[in-house]
Amino acid sequence: MNEPVSEIILSAQDVAKRFDTQAGMLELFREINLEIRRGETIAITGPSGAGKSTLLSLLAGLDLASDGSIAIAGQNTHTLDEKARAELRSRHISFVFQTFHLLPELNALENVVLPLEIRGTTQATDRAREWLQQVGLGARLDHYPAELSGGEQQRVAIARAFASAPDLLFADEPTGNLDEHTGEAIIEQLFQLNTDQNTTLVLITHDNHLASRCDRRLHLHNGKLQEWPQ
Amino acid sequence: MTSGSLFKLAWQQTLSAGRLPIWRALLLALTVAIAIATLLAVLGDRLEQSLGRQTAELLGADMTLHSSRPIPQAVANNANTLGLETSQVAQFPTMIEAGENLLLISLRAINMPYPLRGNIVTQPAQVGIPEPGTLWAEPAVLERLSLEVGQQIELGYAQFTIAAKLISTPDRGNGFSNFSPQVMINQQDLDATGLLGPGSRVRYRQLFSGDPEALNKLENQLRPDLASGERLITLDSSNNINGGALNNASRYLRLGALLTLLISALTIALSLRRYTLNSRDRAAVLLSLGMTARQLQGLFLLQLLLAWVVCALAGTAVALGLEQVTLYLLDDLLPQPVPSAQPALYGLGALLGLVSLITLGLPPMVAMSQVSVMHLFRRSATPTTWGGRMLQLVAGLMLTGLLMLYLDDLKLTLILIASLLITAWLLGKLGAWLLRISAFALAGKHTLVRLLRLRLQQQQRWHQMQIPVISLLLALMAISLWARSDLLDRWQSQLPDTTPNHFLINIQQHERDGVDQLLQSYDLQSQLYPMIRGRITGLNGEPIATAFTEQQRQHNALNRELNLTWGERMPAHNRLLSGEWSSQSDGDEVQLSIEQEFANTLGLALGDKLMFSIGSHTVEGSISSIRSVQWESFQPNFYVIFTPGALDNMPVSYITSFYASGEQRKVGNQLLQQFPTITLIDIEQLLAQARSLIGKLSDTSGLVMLLTLLAGLVLVFTTLSQELDQRRYENALLHTLGATPQQCQQLDLLEFALLGLVCGGLAAALGEIALWFIHQRLVLIEPVLHPGNWLLLPLAATALFTLTGLLARRRVDERNSYQLLRRLG
Chain E
1 MNEPVSEIIL
11 SAQDVAKRFD
21 TQAGMLELFR
31 EINLEIRRGE
41 TIAITGPSGA
51 GKSTLLSLLA
61 GLDLASDGSI
71 AIAGQNTHTL
81 DEKARAELRS
91 RHISFVFQTF
101 HLLPELNALE
111 NVVLPLEIRG
121 TTQATDRARE
131 WLQQVGLGAR
141 LDHYPAELSG
151 GEQQRVAIAR
161 AFASAPDLLF
171 ADEPTGNLDE
181 HTGEAIIEQL
191 FQLNTDQNTT
201 LVLITHDNHL
211 ASRCDRRLHL
221 HNGKLQEWPQ
Chain Y
1 MTSGSLFKLA
11 WQQTLSAGRL
21 PIWRALLLAL
31 TVAIAIATLL
41 AVLGDRLEQS
51 LGRQTAELLG
61 ADMTLHSSRP
71 IPQAVANNAN
81 TLGLETSQVA
91 QFPTMIEAGE
101 NLLLISLRAI
111 NMPYPLRGNI
121 VTQPAQVGIP
131 EPGTLWAEPA
141 VLERLSLEVG
151 QQIELGYAQF
161 TIAAKLISTP
171 DRGNGFSNFS
181 PQVMINQQDL
191 DATGLLGPGS
201 RVRYRQLFSG
211 DPEALNKLEN
221 QLRPDLASGE
231 RLITLDSSNN
241 INGGALNNAS
251 RYLRLGALLT
261 LLISALTIAL
271 SLRRYTLNSR
281 DRAAVLLSLG
291 MTARQLQGLF
301 LLQLLLAWVV
311 CALAGTAVAL
321 GLEQVTLYLL
331 DDLLPQPVPS
341 AQPALYGLGA
351 LLGLVSLITL
361 GLPPMVAMSQ
371 VSVMHLFRRS
381 ATPTTWGGRM
391 LQLVAGLMLT
401 GLLMLYLDDL
411 KLTLILIASL
421 LITAWLLGKL
431 GAWLLRISAF
441 ALAGKHTLVR
451 LLRLRLQQQQ
461 RWHQMQIPVI
471 SLLLALMAIS
481 LWARSDLLDR
491 WQSQLPDTTP
501 NHFLINIQQH
511 ERDGVDQLLQ
521 SYDLQSQLYP
531 MIRGRITGLN
541 GEPIATAFTE
551 QQRQHNALNR
561 ELNLTWGERM
571 PAHNRLLSGE
581 WSSQSDGDEV
591 QLSIEQEFAN
601 TLGLALGDKL
611 MFSIGSHTVE
621 GSISSIRSVQ
631 WESFQPNFYV
641 IFTPGALDNM
651 PVSYITSFYA
661 SGEQRKVGNQ
671 LLQQFPTITL
681 IDIEQLLAQA
691 RSLIGKLSDT
701 SGLVMLLTLL
711 AGLVLVFTTL
721 SQELDQRRYE
731 NALLHTLGAT
741 PQQCQQLDLL
751 EFALLGLVCG
761 GLAAALGEIA
771 LWFIHQRLVL
781 IEPVLHPGNW
791 LLLPLAATAL
801 FTLTGLLARR
811 RVDERNSYQL
821 LRRLG
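Protein chains in written order, with UniProt numbering: chain E, 1 to 230; chain Y, 1 to 825.
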């Protein structure tokens, strides 16, 4: 008997992506099949230009596949219009970026409050404060991004991502802009929070060390996505 | 997201944007646009109202009906039923006697209420109109007849007591005879004087004032039935020198303001484009945090509204300040107090600003809200979508609409927009080509030129936009500067210091030589023109009724007696436009020289034959030349000049004007002593007023120029900021390839200098063409070259580019080339 569908938070079936270019049709990848369960940590690796970011955009419902189907929390993204997909993302997905992308005019607390306010969450400030305390920035709530170090900024970004209690968290090279030591600490925190919150983490990275810490490692190469080690 | 938190976020975002130079440029441009639009609306309204009131005070009423016959009581009754106030005036020239002295005066007999507009000022102060048996006389009458207030004087058969000196009065009437010193009596005394007899040249006026709608109604009733010898004068049709000059000035101010508005609109559009491009990351982050595209648009719309509130307050405040300065400058030219503007007009600039901001802001905002969160993972330019293009089209149409409202002329608006677009396109292409060939010419002279050529190629798209913008701006500024000074020169040359300040009229044939000798004995330059009054009765053998169209028949010249003259030579201040000046008749055929505008309006051409009725005679003449006349020159001017001999044996008087200063001014008294019947008009005061008006108006236009300059500087900065990121990226790339910071700076300087030279050169050429057109077609003066332009504009443009470029470049962080490459790449 199959496992309950609810356990699979993200699935992709026979997904292909093609682009119309001047030189003709370019197929970036095809026959991508993937099932990600709640609470898993997944690393997607691959050489530059393999299409990692494009795959992320499809998995996160930001773009639609040329062929195949992708379901987020059981909902097929192909059957939804842009507005419904945005709503789906808003309910289930958060992002952490390489360059943090905090709003410079908001202090740490306000940056974390923002997604909660957008979603209309009650007691947004209290929840945001708790999250900043969890990432060790309880004493720096009213500091602006320019007054924080790179590592601290990324921690604010992580708090912001977790604050809205996502089912899926996509992180694009989250340590790419940090030194090794800080990067290590950030990753530690990310994995810890992921475990605590039972969130599903999808990481895009070049860093083999980081990839090796994930439950599963998927390698995108020559248009194929393969479990690593095979 | 609640609207409260959206507003809070917009507020924080707006405050944060205030630190960005591009946002500041937007605020400054919007403030300038709002200020100039408000100022123009408010000032225009106040000046127009003031002018209307001034004219009404000159007329003594809102409308007057002039007639050579008594005006039937029915007209007054009709006006009364419409709720209008009326009053009747009779005025005519007559001689006044005091002892052995005689003086030609203009006698005005009036009824209560009088005047309907404006005030009569007397010394000692009097109320109403002269009591029966008394008169009020202008100081010139008393001085020339050596009389005092309180003395008795004879007017015809009646005796009057001089009750007051008439210091100033509206409704002096028009026509030369009314330039004579005036005396005012009560109409009840008129019959007793016995001055109204056959042959007396009485002009009657019915004055009307009251509700504009009722006036309009009355005008519509009266105008179709105007008999020959009757004229209806309304505020619009009444002319005075200040009105003409103010209209010119207001047109010039509007032109200046239009430039400022266009420049500001361009700055707003470019800075919004830059700002929204810069804000794409922010937009993508907000989308990634769950915001919908609609909320995102709402957020940026709120930000625009907040900016608008700030600029509306600042712009309106600036306009209020400038309004006060302008009114202060024009203080003594306008009747006090100056009427207030309609309150709604104070909000007009702000409203215009809001419409422009939303119109110009929507396309980039909508484009920005379509950014994908993917932008944060993989940088790519957000393509301009069909919706964006559609919105740009709508924005273009709305701006065209606004421009049309402003100019109140669809054809002019379309021509203006089409020529701007075509000129901009041509300038862009031409400029880019000039840049390429300059770089080609410089190749081998400098090691950096190879890189420069690469740079020019990379920046080609921007150059094609910057070159037209900057060249057009510089050209427009040069044009408005030169047009102003050329126009001022024209005004000044029109009224040089030696502009005649005295008019002599009513010089009889037998007095002519005596007057001429007396003037010569005072070294006064003057030419005596014979003057005879006549009426046009036909054209090429046809009567007026069939020879002219209905519109042409409205022309003044066909509805009243004209002052005609003859002469061997053309008056020195006239210019021959076509045909040949005839100093004598061609056989039996009388030759005529006519004035250009008169010829155009009545559709007259060389060879046409005009028929005149002069007294009991009829004279026909053939048009042999067309002249231009400077009506504002204070010289005797004539629509029609006959060849000598044609008007012999007809009753003629002479007219002249001359400039007298210092000792020469004594000629006035001597003339009046020796020739008591001639009329001397001293126009020194009128001229001083006209001269001061011109000076003050030029100060006022200077204020508008200042705003245009400010708007222009912001625009230059904005266009240079457009490419800043690209430039940073290229410099960072060059650094990583081994170029030194000095080399990068030199490359930038070389590019800016070349760009400045090209823009300046194009602006100079464009300015010269436009000025030639303005001179030739609009202000009708000889076109002149402006060599200063060719030197100053390239220099100014180069300095402008280099300085602004360096200022913008200062922000390039050269130490982090690699990071910059990663961030911007």
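By construction, these hints were calculated from the structure, which means they are not laboratory data.
As the structure is a computational prediction, the values presented were derived from the model and not from experiment.
Fair warning: there could be bad hints in the mix.
Stated by the list, open to error - Not everything, but these chain Y residues come out facing chain E in the computed CB check (under 8 Å):
hint: 1; residue: 1
hint: 2; residue: 5
hint: 3; residue: 16
hint: 4; residue: 20
hint: 5; residue: 278
hint: 6; residue: 282
hint: 7; residue: 288
hint: 8; residue: 290
hint: 9; residue: 291
hint: 10; residue: 374
hint: 11; residue: 376
For glycine and all other residues, C-beta sits at the position ideal for the given N, C-alpha and C.
For the hint on residue 288/Y, just tell me whether its beta-carbon gets within less than 8 Å of chain E. For residue 288/Y, the interface hint holds, since the closest Cβ of chain E sits about 5 Å away, which is under 8 Å.
Hint residue 376/Y vs chain E: min CB-CB distance below 8 Å? Nearest chain E Cβ about 5 Å off; hint holds.
Cut-off 8 Å, beta-carbon criterion: hint that residue 291/Y touches chain E: The hint holds - residue 291/Y has a Cβ within 8 Å of chain E, the shortest such distance being about 5 Å.
Given a cut of 8 Å on the nearest C-beta pair, is the interface hint for residue 374/Y held or broken against chain E? Interface hint status for residue 374/Y: holds (5 Å vs cutoff 8 Å).
Is the interface hint satisfied for residue 16/Y? The criterion is a beta-carbon contact with chain E at less than 8 Å. holds, 3 Å
Interface hint outcome for residue 1/Y [beta carbon to chain E under 8 Å]: holds, 5 Å
Agreement of hint residue 20/Y with chain E interface, Cβ distance less than 8 Å: violated, 11 Å
Please check whether residue 5/Y passes as an interface residue: C-beta within 8 Å of a C-beta belonging to chain E. holds, 4 Å
Restraint check, 8 Å cut-off on beta carbons, for residue 282/Y near chain E: This interface hint holds because 7 Å falls under the 8 Å limit.
Given a cut of 8 Å on the nearest C-beta pair, is the interface hint for residue 290/Y held or broken against chain E? holds, 4 Å
Restraint outcome when residue 278/Y is required to lie within 8 Å of chain E by C-beta distance: Violated. Min distance 12 Å.
Hint compliance for this structure: hints 4 and 5 are broken, all remaining hints hold.
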